[in-house]
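Protein chains in written order, with the numbering used here: chain A, 1 to 310; chain B, 1 to 253.
Everything labelled a hint here was simulated from the structure, so no lab data went into it.
Given the structure is predicted, the values throughout are model-derived calculations rather than measurements.
By construction, the Cβ of each residue, glycine as well, lies at the ideal position given by its N, Cα and C atoms.
Honestly, I wouldn't trust all of these hints.
DMTMM-like, lysine to aspartate or glutamate: derived pairs with alpha carbons at most 25 angstroms apart [claimed, not checked]:
#1 A:Lys22 x A:Glu87
#2 A:Lys22 x B:Asp250
#3 B:Lys249 x A:Asp26
#4 B:Lys249 x A:Glu164
#5 A:Lys22 x A:Glu249
#6 A:Lys217 x B:Glu247
#7 A:Lys8 x B:Glu205
#8 A:Lys22 x B:Glu247
#9 B:Lys249 x A:Glu15
#10 B:Lys47 x B:Glu247
The following label-pair restraints were derived from C-beta to C-beta distances [to be verified]:
#11 B:Ala229 x A:Phe14: 50 to 58 angstroms
#12 B:Ala229 x A:Arg60: 49 to 57 angstroms
#13 B:Asp182 x A:Ser167: 49 to 57 angstroms
#14 A:Lys141 x B:Tyr215: 54 to 62 angstroms
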Amino acid sequence: MTQDIQIKSVTKVFETGIRSRKTAVDNLTLDIPRGEVVGLLGANGSGKSTTLKMILGFLRPTSGNILIAGVTAGTRASRTHLGYLPENPRFQRFLRGRSILEYIGRLHRMSGAGLSRRCTELLELVGLEHAGGERVQGYSKGMIQRLAIAQALINRPKILIFDEPMSGLDPLGRMEIRNLIARIHQEMPEATLFFSTHILSDAEALCSSVALLKQGKLKVNCPIAQLIQNEPENYELTLTNVSPALQTELAAAHSLTASPLGFSFSLNGTAALQKEIGRLSAAGAKILSVYTKRGSLEKTLFSDSARETA
Amino acid sequence: MNALRIGWIAIRELIHERFFYILIGFLGASIAFSLLLGQMTYAEKAKLTFDFMLGSTHLILVLFSIFMGVTLFQRELLSGSVSMILSKPISRASFLLGKFLGQIGVQAAMAFCMGALTLGICSQFDGNFSVLATAQTVALIYAESVVLTALTYAFAVNTGSLTTALLTLALFSVGHMRQVVDSAFRAGENPWSWRLGRTLIPDLEIFNMKSLASYGQSLAGTEFFWAVAYALLCLGFYLALALVTFERKDIAT
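Just chain A, with the same shape it has in the complex (with noise of 0.2 angstroms):
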């Protein structure tokens, strides 16, 4: 398989005082494979932006040595390869939509009637055609998050970088960054995203794969399929409509907690599962939800005892 991405045994350390350092990245050994889209998890200074700087050529690594589609990251060549979108994007707030990317456009050496038909392709995968000719000024958090992620496609790079694309938006901008970037891998899909997060949920909705950082050293890197796939089949129903009679059996067999809509408990396994659907509908009772409970991801990527499959 080809790799987009080498990160080949790279540490950095940075001077944070006159006799004092810190290492933000420790002997990381990482290869994203063409066309995969894969998270870099982590909390807070985990290293994670560090680790994108680095791919983008703006920190230099104190040891090892990173390559992009096999250039050497932080020259010139290897940036022709990136599309970045920062974690907090800004433009010139006196510019307008279109005249950013068309600005950004030149500066990959594109011109005259192909850049403005993908300035005009751009502005409309990313909903924002009717705002192309408006000042940035005016433009809410998610319109220049996605404004920031068009720039990032305008050379059609081989190799998307996000630095944290859903951070700071609120519940439904977050959702329409989410389906955005689903929509630019599935009309992409030769193109390889590697983004940083450190929302799960994101990542799970999006990456093939992940690699979690905890202070600089990679300590998981693995299909996100076989995280799922090793978590236990848990399941909490939701019941309205329980007669007396059914609530005093199901106490007596499960841990059963009042809700404001009805009842809830918790089962262990898709077999006990149907059973008890077939069992509570001839009883009478409604089944409002029925949640599968995926929380252990979690637990598995941020636990002291998370394995080291790298």
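Following the hints, put chain B in place on chain A, whose structure we already have.
Same frame as chain A, now just chain B:
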């Protein structure tokens, strides 16, 4: 080519935000000052107005070169917006040069407009004005502002906004008093630190011919040429310092 594109955006940014306000302010203050002088004095009115306008041009360009340098270049470094541009296939040198060219382009337009306004207003009085002397004075004020802009960028790459502004203002002051400090040291022992300072700190008095111009006297061609050559030398030194440091800098924002 990318430097010119970045420079063009920098020009638009400066024009959009500050350029016209400064010129309108300068024009308003000049007219108000000349009207006020008309009430107070007769004989020296033309000379005082001329001196005031050249002094204002100098002050405005010096402050513009320092504070706009901090705003235009350093704010972008500190806020992290620089990362969007530097992730494109352009060199760091193009980014820095682009910002620099944009800023000195706007300063050139300001110097030209202020010089033209000075001549326009002062030609209404019966004074001993030389167009050549005024043009030379404004050109040298501009040359000084370009040197200070390069100095601001050299500091801005390495330090914070306040430190950059204070250091550049300090070197501006010492640069105009170099001969005074030099003679003070010469009277005693000439320490190595001042000898080093003399090498690194520009002699900004070379660009000051305001008092000559107010008596209608211009510089000889060779003197003017050497002043411009000195400005180019200082500019090259400070800009090269900024470029080399910026190329090696870790951009962590």
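Determine which of the earlier numbered hints do not hold for this structure and return their numbers in increasing order. The structure conflicts with hints 5, 6, 7, 10, 11, 12, although it agrees with all the remaining ones.
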